[in-house]
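Keeping their order, the protein sequence lines are chains H and B. Here the first sequence is numbered in our numbering, starting from 1 and rising by one per residue. Here the second sequence is numbered in our numbering, starting from 1001 and rising by one per residue.
The set of hints was computed from the structure by calculation and includes no laboratory data. Heads up, some of the hints might be wrong.
No farther apart than 30 angstroms at their CA atoms in a straight line, the calculated lysine-lysine pairs in the DSS-like style are these [to be verified]: (1) H/Lys239 with H/Lys382; (2) B/Lys1229 with H/Lys386; (3) H/Lys493 with B/Lys1025; (4) H/Lys386 with B/Lys1220; (5) B/Lys1227 with H/Lys382.
Here's the letter readout for the chains.
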Amino acid sequence: MVFIDRIQTFFGIAGGMLTDPVSIAVLFGSVLLGILFGAMPGLTSTLGVALLTALTYSMDTPMAMICLLSIYVGGTYGGSYASILINIPGTAAAAATAMDGYPLAVKGEGGRAIGLTTTASAIGTIVSMLFVVSISPLISNFALEFTSFEFFLLAFFGILISGTLTAPDLVIKGWIAGFLGLFLACIGRDQLQFYPRFTFGISELESGIEVVPVLIGAFGIPQIIDVLRSRTTMPKAKKLQRIIPEIGTVLRNIPAIIRSALIGVGIGAVPGIGEDIAGWVSYGTAKNTSKHPETFGTGELKGVIASETANNACVGGAMIPLLNLGIPGSPPAAMLLGALMLHGVTPGPMMSFEHPTFILEVAAILLLASMAMWITGMILAKQVVKVLNIPTPLFMPIIGVLCIIGSYSLGLNIFNLYLMLPVGIICYFLTNMGYPIAPLVIGVILGPMADENLRRALMVSQGSFTPVFTRPVSLILFIIIVLTILSQFGWYKRMVEKVKTKIFNNPTVR
Amino acid sequence: MPISNGYMPGLIFYSNQIVMIEIEKLRKADIFSGTAILCLGSYSIYEAFQMPMKDSYAGVQNVWYVSPALFPLLIGSILAFLGILLIRTAIKEVGMAGLKSVLNYLSSPDFADFLKQPVTIRFYGIVLNLFVFVFILIPHIDFFLAAIIFLLVFFFMFYCGSDEGIVGLICQIIIGGVILSVFTASGLAEKIDTFAFFSADILVIFFTVWLIFHYYIVAKNGALIPKFKLSLLIGFIAPFTIGIIFKYFLLVPMPHEGLVVSLLDAIWYAEIWS
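Make the full structure from the sequences, and use the hints.
Rendered as structure tokens:
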């Protein structure tokens, strides 16, 4: 009965949105804006969500969520346009798409590739939406058993795993980025005793650092500096032909689409891991499981479908830890978390009590956004690709103005700008030195949660760490954290190899 | 200790379209960034020890596990440890010779050449324009005027200008920024405003007009007039579109409201519309 009630509520919400002209206008407008953001090289869905957060401040929460999630879905998909037509990924998420997308466009099949990626992206989003609806209650119920120790360890785990998987160079740099984020989160008066920490006598820092300006700075400023500094000139986009895909081709690729969607959801659900990794892993899997892997890289439709399905499925996947645990699954989800907090919604296990229908609302928006994305993609693709002709030196400075006015408008405080710009420039240098930014951002967001829960937990246990080992979930999280750290050490890897060799008695493993 | 990410190298950088400097250079840079992280961690630990640990604060007797110092101490210790680990990994890979070569490079003419390279000069231009916009223009000048000059400078640098022109623009921004800072910080602006309104805004308008005129001549000589016209068009339309949306539709007061906002207010709230 509960299940039927949920389905009824879900369709009630979706129907309500469909019958409201304003919601529909916002939905289609945001999806289109997201596609434009994704299509323009240099702009990302994270930046799109960041900038729109300021614009949605005056909206009510459901409308703001329609706007932000639609941008997220549209932006993730929109990156494929530039990948396919000019061989430059519009977003990180679409980097793998360029491998086969551009060769297809060179062959004169760019329209066909875009038609298929649009359909695959829509199916990927819908599959991920099904996971949001079905898995969320289970995780949410499970998370209700969490106490302060579990939350502290969960935050710690989120930062470590994000640092481990997103570091482009040394894993240690990913961890450093995460702990730098936690350090930034320490700034301001602490939540339990209101003692000022690292405020340097600056009154604006007493309330802590505003998350959204820091996120806008961390994601926006490095992007602006990098694009302008490199003076990238765009190649001429290939022309589009027929876009609507053949049903036969779609049906033949359904197993590949489902597999890629599952990969996307799985990767999206891991804290801090974004759509780019989902796209690459799915592309790699499609290539490895193909009977003709040699065709990948030469214009293989399966390659394009794999990366595009997975990156869009990642959107729903990223919502699962965000909504149920309060831990963002990807960088745009981190921005969404900031936006939700601005609207007074605190994601986490209590979400199902405080906002009982919120997860269903998110799922309904994902469903509608995927449909809107498909319709927009099919109708407006030929017009949207014209944005690829806009020179980057003309739109990046405008993005700069938007970053600045957006950071200021959240709190109407010029100090936000004084914070945003230095953070952005530091993040630019960090990125150039091989430090990932996602763990830093997650650290800033999860810092207060980790700090409070650590001290609360110790308060309850009178300073004892024993509950970490006596509570099953804590113990599991603790073991995972220790294994994550140990797995990076050479001696540990050698020891595991030795143990494997001994157990399986297989000398070739060595 | 090979703490490296097997399958990821290059991926994030490729995706972020940021060219990754070679691994060896990266390791050399790691020595410095590791040192900075170590210093930050040590500073965090030092500050944490200044916070109430077991003593009373605001009438509350502390125990170590509820102390506000606990988390900064933990984070500081981990950061310091990771900083040491990073330095150790870097030195292990490039050796002390690598460190010496960096120090030699920093004092060599090659480094001076690097500082003069077009790509570095572009970086100075971008950062300077951002800093002037955020720290000088926005707090003192009408937002619309500030945004127009910010955009025009970027367009003249990167759309209808060349790398050679960036140095000139940087000089102009510095001179303009210094004049405006002195004008506002000395109280001269306030004094003039007692008998003539929006003096700082008018000063910036003069500067903008001069900048436009100067670049018109540059563009004319370089046959860049179409690009110049487009820059001018977008440079004026974009701030008005963004500013009007925020100010009149989202009801966000601008950071500094001056001459243009007063004019727009007069138009927007004119009785003629009601």
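Here is what the structure says about each hint:
1. The suggested pairing of H/Lys239 with H/Lys382 holds, with an alpha-carbon distance near 9 angstroms, which does not exceed 30 angstroms.
2. With a C-alpha separation of about 21 angstroms, the suggested pair B/Lys1229 and H/Lys386 falls inside the 30 angstroms cut-off, and the hint holds.
3. About 27 angstroms separates the Cα atoms of H/Lys493 and B/Lys1025, which keeps this hinted pair within 30 angstroms; it holds.
4. For the suggested pair H/Lys386 and B/Lys1220, the alpha carbons sit about 28 angstroms apart, so the restraint of at most 30 angstroms is met.
5. With a C-alpha separation of about 25 angstroms, the suggested pair B/Lys1227 and H/Lys382 falls inside the 30 angstroms cut-off, and the hint holds.
The earlier numbered hints are all upheld by this structure, with none contradicted.
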